[in-house]
Structures are given as C-alpha cells and as structure tokens.
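Visitor: Here are the chains, one letter per residue:
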Amino acid sequence: MNSEAVEQDGAAGIAADIRGFVRANMTALTTAELRDEDNIFEKGFVTSIFAMQLLVFIESTFDVTVPDDHITLRNFSSVELMTGMVAKLKAATG
Amino acid sequence: MSARRPAEVLDWARAFAEEELAPSAGEFDRTGQLPGSVIRQLADAGVLGAVVPPRWGGAGMDALDYGELTEVVGKACSSTRALLTVHTSLVCETLVERASDRIKDKYLPDLASGRRIGCFALSEADAGSDAASVTTSYTRQRDGFVLNGRKKWISFAGIADLFLVFATDNGVLSAFLVDRDTPGVRTAPMTGFLGNRATHIAEVVLTDVAVPEENLVGRIGAGFGFIANTALFHGRYSIAWAGVAIAQAALEEMCTYATRREQFGVQIGAHQLVQKMVADAVTNVDAARELCRQAGRARAERSVEAVMRTNIAKYFSSTIAQQVTSDAVQVLGGNGCWDQYPAERLFREAKILEIIEGTSQLQQVMIADHGYKTFARKS
Ligand SMILES: Cc1cc2nc3c(=O)[nH]c(=O)nc-3n(C[C@H](O)[C@H](O)[C@H](O)COP(=O)(O)OP(=O)(O)OC[C@H]3O[C@@H](n4cnc5c(N)ncnc54)[C@H](O)[C@@H]3O)c2cc1C
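In order, the protein sequence lines correspond to chains U and A.
If you're matching positions, the first sequence starts at 635 in our numbering and goes up one per residue.
If you're matching positions, the second sequence starts at 4 in our numbering and goes up one per residue.
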C-alpha cells in the first residue's frame, strides 16, 4: 500500500469510529439517517452537552490532545469535520 | 502559598463542619449571611481550592474525595456547600479544564486560595432551563469585547470578585471572566428565597462592560457547548452530593427523634408506619450515595459515561433528598415545622436541588433518552 492509501485507510477508520460513537449517542427517537456531512447539533441528532463527550471520546480514542483553539462547536459539528480534525492532529504529532 | 494535601483538607473540613458550621447553619439561614470569617477559614484550609491542581495552589483532590468533602460540608450547612458548588465546581473546575494557560495563571491561584471568590452567571429572567437563549450580548471591540445585559439568580454574586458570564453575539455563545470592579458592573441583591438563603444571590447588571480579549474563556462560540456544559457537568456532581448530604442530615434527625419521643406509651420509632419512613430513608440515602460514587469513579476515569452517571445521580439524590426531608418533618411532627429543629430548614433546602443545575424534568428527559438507547431491543 502506498502512503496515501494508508492515510486514506486511516481517515476511513477514524470516520468509522466517530460515526459509530455519534450513532450510539443520537437522540433515540430520531428516525433520520446520519450522513457524515450532517451538522449533528443543528439537525437535533444530539444536544449540546454531547459536544463535551465528543471531546473526551476523541482524545481518549485517538490519543490526541485537541488544542484550545480547535475547541469550537463547529469543529465537532459533523463526522466529516471531526475526522478531518483528528487526521490533522495525528499527522501533526507524527 | 503551601498547597494542602487532600486528606488534610478533608480532616479539617470534618471537624469544622461539625464544630462550627452545623451549630451556626440555622443562624446563617435566618440572617441571610454567610460570614466572611467562615469563607476565610474555608479558604485558608484549602477547601475552596480543593480540586484545583497543586500547580495553581490547590489540593488536587480527586472526584471521590471531593464528593465526600461536599457531603461533609453540605450536611452541616447548605449555604456553605453552595459556595463550593459555585466557586469550586462551576468556576474553578471549569477554568482548570477549559481556560487558556494565560487565564489559569492569572486567576486560578487567587481562586484556589480563596483570595478571590468566583460566581457563575448564566441564567436570566427569560433564560432558565433553556439557558442557551440568553440575551446578554457581547460585541467585539478593537482589543476585546463589550458586554451588556442582566443576569438573574446568581448565587454569591453579592460578594464575588469574579463572574463567569455567558453572552451571545447573534446566537454565537461565548464565555467571559469579568472582574467585579470593571466599570459598568453592578449587582442588585435578591432576597426572599425558600432555601440557600445565605448565598448572597443577586442580579448582575452589565452596562457597556469592557472585557479584555484574554478574558474570553475558550474560543468564540465555545460558550455553551463546551464551557457552560462543562460547568454544569461539575455543578451537577456537586448537587448530587448535596442531596446525599441533606438527606443524611435529615435521616439522623429522624432517627434520633424517633428513638426519644414517646407517644401511646412507646417510642414513636416502634410504630410501624414510622419505621417505614425510616427504612425508606436509610435505603434511599445509601442508594444515592452509591450512585454518586459511581459517577465519581466514571469522572476519575474520564469515561464518556460520566455525563449520564452524573445526571442520574443528581436526579436521584435530589429526589430522595426531598422525600427524606419531608419524612423527617413528618416524624418530628410539630417540632418538624418549627425552626428550633433543623428539619424544616433541610426540607426547604432540599427542594432547591430539584431546580438548580438542570431541573428534575430536564434530567428525566435526558435519562429517558439514555434508557431508549440502552434498553430498547434493537430487532
Ligand atoms: C437558589 C437558586 C440559586 C441559583 N443560582 C444560580 C447561579 O448561581 N447561576 C445561574 O446562572 N443560575 C442560578 N439559578 C437559576 C437556576 O439555574 C434556574 O432557576 C433553573 O435553571 C431553572 O430555570 P427557571 O427558574 O427559569 O425555570 P424554567 O426553566 O422556567 O422551568 C419551570 C418549570 O418548567 C419545566 N420545564 C422547562 N423546560 C422543560 C422541558 N423542556 N421539559 C420539561 N419540563 C420543562 C422545569 O422543569 C420547571 O419545572 C439559581 C436558582 C435558584 C432557585
């Protein structure tokens, strides 16, 4: 596998983990399907307190520290944005 | 500044609560004042900075010991415990987790040592349970922000030096640390409360208050999702233990009275209907304390479960505190309705816990959702 493929595979794995965590914590009575680009707060899939849990989940699952300037609701608002952020943080820490 | 060890802080608090706080709690409640000398002693003994890491002068206490500390203080005096909820849990713990190093270095040493007292200014007349609907506003200025608005029900605002204020800029919520002596900050005391009477509750009026850029806590837009929710997560844990504390105090009143008072020629504790109230109280207090410990362990492990464990503990312990204190009043009969016994004060204090840090109804909504997710069969 070339390094780009490894990276993509890594990103896909990250996305799968985050998607799984969001799905498991989505408001139970919603029937909507979660798409990676959905804003999970605006769509009412989760409440804002879940943002904190996402932060804990991301830091403990991917062994990264989310720096202060990344802790905005927007960075945690979709599977896509969180995946991008985690991939960037992992790349930065090698 | 010499940081104290957690065990020292707890030992000191046990003695202080029993010898100084418990005998005076009725007077604090009647006068509506928590004396400065009490706050000073708590500060000097390291109680107010209990959970702050030693790096900033605190005791670095863990969640379980802090829970016990909250119970010890809260059993003796609810208003004093409320100072821990507000200053230590809502403000200090939130800054430890979410503030920049610059803010921590600037404010945490004074907060940990109790040289300055912090309070938490989220609620407004039209923003209670729906706290994200605050209308206190901030606008950007060249080197900071300008805040305008009016906060209501702010515990300890009457005496606090620092206010953790939540404000909005067209729906983008942010959090700011505001010094009391900033021009444009005014507080207006509120009185006439059911409980928490010695917590110096006030309105906080902000008129063109200039806040420096460095006093923004977290980033723009982090205000509700991360800062307020982090604070309420800690505040709820404190209130969960506050429920255990009040219920334990009521249980002791009820048992003591039931074994001394005689009617129909026997101790009232011999009547089976009284025994039912006592048995329920013993069982509920034990169960609430275990739920709090479970939440404490989840917090210590930084588990993602900690939020729900805390909600469940807060909901249960505030509910049973209300039941146990009501039964304590019942067991004490007329004396239960008289302020020469602590039962009536405990009864009033317990009701507050079902309303603050997210009402019982809001906890029920979250817990039911957790129930569907966890227990509904998938097939
Ligand atoms: C003693 C005391 C101290 C306080 N200290 C502080 C402080 O230090 N800082 C601060 O910011 N605030 C403080 N508060 C304010 C407190 O946080 C609010 O009172 C609380 O959040 C409830 O808001 P509310 O009073 O506006 O009630 P409301 O939100 O108007 O609720 C009224 C009733 O409607 C129910 N309800 C509302 N929404 C829903 C829903 N979606 N589903 C079901 N039921 C619902 C509630 O459960 C409640 O029974 C304090 C309050 C008290 C009484």
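Worth flagging that the hints you see were computed from the coordinates, not collected in a lab.
Computed from a prediction, not measured in an experiment: that's the story for all the values here.
A virtual CB, placed ideally from N, CA and C, is assigned to each residue, including glycine.
Check each hint, because a few of them may be wrong.
These stretches of chain U come out as covered by chain A in the derived footprint (C-beta under 8 Å, 3 or more residues) [what the hints assert, rightly or not]:
#, region
1, 661 to 674
2, 677 to 687
3, 690 to 697
4, 713 to 723
DSS-like cross-link-like pairs, simulated, lysine-lysine; straight-line CA separation at most 27 Å [what the hints assert, rightly or not]:
#, chain 1, residue 1, chain 2, residue 2
5, A, K354, A, K279
6, A, K354, U, K677
7, U, K677, A, K381
8, A, K279, A, K155
9, U, K722, U, K677
Visitor: Each of the hints needs a verdict: does it hold here or not?
Guide: Quick rundown of the hints versus the structure:
Beta-carbon proximity to chain A at under 8 Å applies to 3 residues in the region 661 to 674 of chain U; the threshold of 3 is reached and the given coverage holds. Evaluation of the coverage hint for the region 677 to 687 of chain U: fulfilled, as 6 residues show C-beta separations to chain A shorter than 8 Å, against a requirement of three. With 3 residues bearing a CB less than 8 Å from a CB of chain A, the region 690 to 697 of chain U meets the requirement of three and the coverage assertion stands. With a cut-off of 8 Å between beta carbons, the region 713 to 723 of chain U has 0 residues touching chain A; three or more are needed, and the interface restraint is violated.
For the hint pairing K354/A with K279/A, the CA-to-CA distance comes to about 22 Å; that is within 27 Å, so the pair holds. Our distance criterion of 27 Å between C-alpha atoms is broken by K354/A and K677/U, whose separation comes to about 35 Å. Pair hint K677/U plus K381/A holds up; C-alpha atoms about 23 Å apart against a cutoff of 27 Å. Of the supplied pair hints, the one linking K279/A and K155/A is violated, its CA atoms being roughly 41 Å apart against a limit of 27 Å.
Using a Cα cut-off of 27 Å, the hinted pair K722/U and K677/U holds, with the two alpha carbons roughly 26 Å apart.
Checked against the numbered hints listed earlier, the structure breaks hints 4, 6, 8; every other hint is satisfied.
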